[in-house]
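The chain contents come next:
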Amino acid sequence: MKAVGARLPRYDAHEHVSAGTRYVDDVRIPGTLWAKALRSPHDHAEIVSIDTSAAEAMEGVHAVVTYKDVHKNVHGHIEGLGVPGDEPLFAETHVRYKGQPVAAVAADNEALAIRATEAIQVTYKELPSLLDVRKAFDGDAPQVHHWGNWYPHFEGEMDRRQIRKGDIDQAFEQADVIVQGVYRPAAIEHIPMETQVCQVVPEAGGRFVVYSATQAMYFSMGVVAAHLNWPLNKLKFVGGTTGGGFGGKVDSATETITTLLAIKSHRPVRWRWTRMEEFLCSSTRAPWHMEIADAVTKDGWILGRKMLTLHDAGAFARFSPYGVTKHAFHHTGAYTIPNLEFNGYVVYTNRVPTTAMRGFGVTSVSFATETHIERIAQTIGMDPVELRMKNATRLGDTSPNGIPYVDPSTVPVIQAISDAAGVELSAHSRTMTSAMRSGEDLPEHLVAQMGNPEDH
Amino acid sequence: MSLNITVNGASRTVNAEPLTPLLHVLREELDVLSPKAGCQNGGCGTCTVLVDGEPRRSCLLPIAAVEGAEIRTVEGLAPPGQLSPLQEAWIHHYAAQCGFCTGGFLMAATAYLENGGSDDHTEIAKALGGHVCRCTGYVKILDAVSAAARGDSFDLTTTAAGLHTTLKGVDQ
Amino acid sequence: MSQGPEVLIPTSAAEAVELFGTGADTAVVGGGTILIPMLRLSDARPARALMLHHAGLAGISETGGRLTIGAMTPLNHLAAMADPIAACVAHIADLEIRGQATLGGNLCARNTDAPRGDLQGAMIALGASVRSVGAGGERTEPAEEFLANRDDRLVLDVSFELPAAGAYAYLDRAHTHEYTALAVSAVRTSDGAIRLGANGAGPHGLRLPSAEAAASDHAAAGSAALADVALFDDAIASAWYREKTLPVLVRRALDQLKEAA
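Residue numbers (the numbering used here), protein chains in the order written: chain A, 1 to 456; chain B, 1 to 172; chain C, 1 to 261.
These aren't lab readings, by the way, just hints derived from the structure by calculation. Check each hint, because a few of them may be wrong.
[As the list claims (entries may be wrong)] Computed list of chain B residues with no C-beta within reach of chain C, every gap over 10 Å:
# : residue
1 : T6
2 : A10
3 : T13
4 : E17
5 : L19
6 : T48
7 : P55
8 : D155
[As the list claims (entries may be wrong)] With a Cα cut of at most 30 Å, we get these calculated DSSO-like pairs of lysine-lysine:
#  : chain 1 : residue 1 : chain 2 : residue 2
9  : A       : K306      : A       : K135
10 : C       : K244      : B       : K140
11 : A       : K68       : A       : K264
12 : B       : K140      : A       : K2
13 : A       : K98       : A       : K326
14 : A       : K165      : A       : K326
[Unchecked claim] For each label pair, taking beta carbons as the anchor points, the in silico distance ranges come out as:
#  : chain 1 : residue 1 : chain 2 : residue 2 : range
15 : A       : E92       : C       : P203      : 39 to 47 Å
16 : B       : G151      : A       : E370      : 38 to 46 Å
17 : B       : E70       : A       : E118      : 36 to 44 Å
18 : B       : E70       : C       : E138      : 36 to 44 Å
19 : C       : N149      : B       : R150      : 40 to 48 Å
20 : C       : H177      : A       : Q143      : 45 to 53 Å
21 : A       : S438      : B       : V139      : 54 to 62 Å
22 : B       : Q82       : C       : A86       : 37 to 45 Å
23 : B       : D52       : C       : H177      : 41 to 49 Å
24 : B       : V139      : A       : Q162      : 37 to 45 Å
Bear in mind that the values here come from a model prediction, so they are computed numbers and not experimental data. Just so it is clear, CB atoms sit at the ideal spot from N, CA and C, and this is done for glycine as well.
Could you build all of it, start to finish, from the sequences and the hints given here?
Shown next, in the form of structure tokens:
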């Protein structure tokens, strides 16, 4: 344990300050072509026709690719986990968000690549777009997706992630007050200083070397192999140096398209997104719509929670079912609420697909829960810190999805925060521990919900 | 057009369209890779280099406008194998995380220090105000520039060179 | 093949004027802070680009209390001037951009995704004259008139009388934003008149004549200013927000001006 408490340097600091670090965009291979994508100018439209002939005829343009060049155009990011795919690599019949790739080119230089994308003729028939998750369930809402406006493939082919725990009706009957709130954190772009970037180099033996800024290298390797229907040993991935990701480089945004261009042109290809592309069409943290109703006693016990979550997935599912699952399992935050009725939907809109960002699915519900705790405290006139301590997770409690907490830390963390912030705790809270509930910390409604003390 | 610029003390001849940004010339023609294409709109500072001693966004400067100029980048901050005091402060204060913004910050801070900048955080923030870092939260960057302005010295053997010894101990 | 415009690099002001001609389909590259990314990554494709770096249009001169500033003068050269110029310049983008961007470029900058051209309001408040060339020859006119009719003009210089007092009130911005959403410049001229200019309140810098007429009552002037502007939504502020804040900024600028005088 020599590292704990020691002032260890960053292993890469020397390289960072002396121009020694090689990011993907710094890889230099002679003869490398520039890639550019032609992207949808519409939020939602039908593709009537795509004509790439003028771009292909341009001198200095070495490859133009569309859906026709992809063996398996539709591949889901987490098909391996049983989540069926819904997103085409290149739009084929429809575009479902502004910025969705329709075609890509590789040319001698960047300016020529831009002009080649402009030479591709695409005819669209615009369709009404859905941009607000709250309207997704309306009868006359535009239909975003062939699956409808929300993801229907949770376990057991359920159309939502749901949690039912305890007796929610009894909790609401016993409550002195129902405290309601709606929480709507907005989308957030990760804005890594390095935009999405990839370089692919064909090797003489038929293998392709993929330099990627991805945060999830072996995952991306699987995605490329699946789209191409290639064995993994035809791909060599080089990663590990990323100019900031924060979750925004988990989706495989660049690798397959760049590889396709390298295959078709037989040349090394580099695809570096512009900052405009990064803002327009790299995935963001999702906007969430969360409605909470809590059954609360006047002395501060949260007996039950009903919650509806609409997760704005954007146009395709990607990791959203996973994000909503994490969200569901954490939807009581750092507190124990024994009776639950949770429904979480992955809702499609004609927005850019959303993805992980620093606590995928959990930060949104933490924001909602902590804000809601303050609202409860105001409603019943109780100190918000004492309210948190009262309902804090303890040994013997179980999570929303029924997992016994092994090392619940709410109590010591709040005590430490209170000390640091100079907040005075009551004597009871000051001496509280995470130990199994007893005495005044074990009211009637929690007794039945507790794990068997003899199990611990 | 063909023109000359000096990059880190070496005279270089460049053939480029006159409006080509200096950033593109440095990276793609001259393989000087420390300036980064972060936004190419002048909004982030990852491409900042010194032009005749002044910090400038190389993504916004047409090459024809810097004909004959003396360009300095991170590659020229110290002789090979050595570090400037500012670079040492950067390591000591953990001012780089992903490192992508670091080169631009270093050049802007170098100009600030060469112009006699003080260790005052407000003054440093004014000088570096156009630079964006998404990892550090800036405090460590301010600490590093401040330390360099004061002339603090660092024993990097307890950090950089000592790393291997320390980690060996950990491994065992 | 060359994908860019034909680039012209005059080495004197006279040559720049001659090459500019009527300015048809010609991009004028001053500092380049707006144009270079635009030419590189957008669909703006002018036939010709006139680079002014060697045209000698930079410099500041003073004759009898009247300043003349060349179009290619970088903004950081204005940093030590009287308010509202100094306060405005200090708030434009950042140190590095101010070293490259020029006064002429600032007067020609157009609102695209943000209110560009921070000094436009200040120049209006100062009663500055803009000298430009283009179709029909040379023109010298008040800044507000130039701004309203500036297509295909090449700015040569700007001149104004030093003010008795000046003030600048603005909406502050996150350091990652290059432009202020809204700003008001106020000037008391040497003969005691009060002039007001706003940025971010219309398609370019605008004079606020109704507010000037009501200037003796600062709050009333603030409300009156709303009659002079054409507020809009953009990426950094809504028209609603601008409507709520413009009167406040007018009042603050006038308060500051009173203190300065």
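Just to be careful, I want the Cα atoms of A:K165 and A:K326 compared with a cutoff of 30 Å; is the pair within it?
holds (16 Å)
Given as non-interface: B:T6, partner chain C, CB spacing beyond 10 Å
holds (18 Å)
If I claimed the Cβ atoms of B:V139 and A:Q162 lie 37 to 45 Å apart, would that claim hold in this structure?
holds (43 Å)
Is 36 to 44 Å respected by the C-beta to C-beta distance linking B:E70 and C:E138?
holds (37 Å)
Straight-line Cα separation of A:K306 and A:K135 no greater than 30 Å?
Given pair A:K306, A:K135 holds - Cα atoms ~21 Å apart, limit 30 Å.
Beyond 10 Å from chain C, beta-carbon-wise, is B:A10?
At roughly 23 Å from the nearest Cβ of chain C, B:A10 sits farther out than 10 Å, so the non-interface label holds.
Between the beta carbons of B:G151 and A:E370, is the distance compatible with 38 to 46 Å?
holds (45 Å)
Taking the minimum C-beta separation from B:T13 to chain C, is that value above 10 Å?
holds (18 Å)
Cβ distance range 37 to 45 Å for B:Q82 and C:A86, holds or violated
This hint holds: roughly 41 Å between Cβ atoms.
Chain C versus B:E17 - minimum CB to CB distance exceeding 10 Å, so not interface:
violated (5 Å)
Taking the CB of B:D52 and the CB of C:H177, does the distance hold inside 41 to 49 Å?
Hint violated: Cβ distance 29 Å, outside 41 to 49 Å.
Mind checking the alpha carbons of B:K140 and A:K2 for me, to see if they're no more than 30 Å apart?
holds (24 Å)
Checked against the numbered hints listed earlier, the structure breaks hints 4, 5, 6, 7, 10, 19, 20, 21, 23; every other hint is satisfied.
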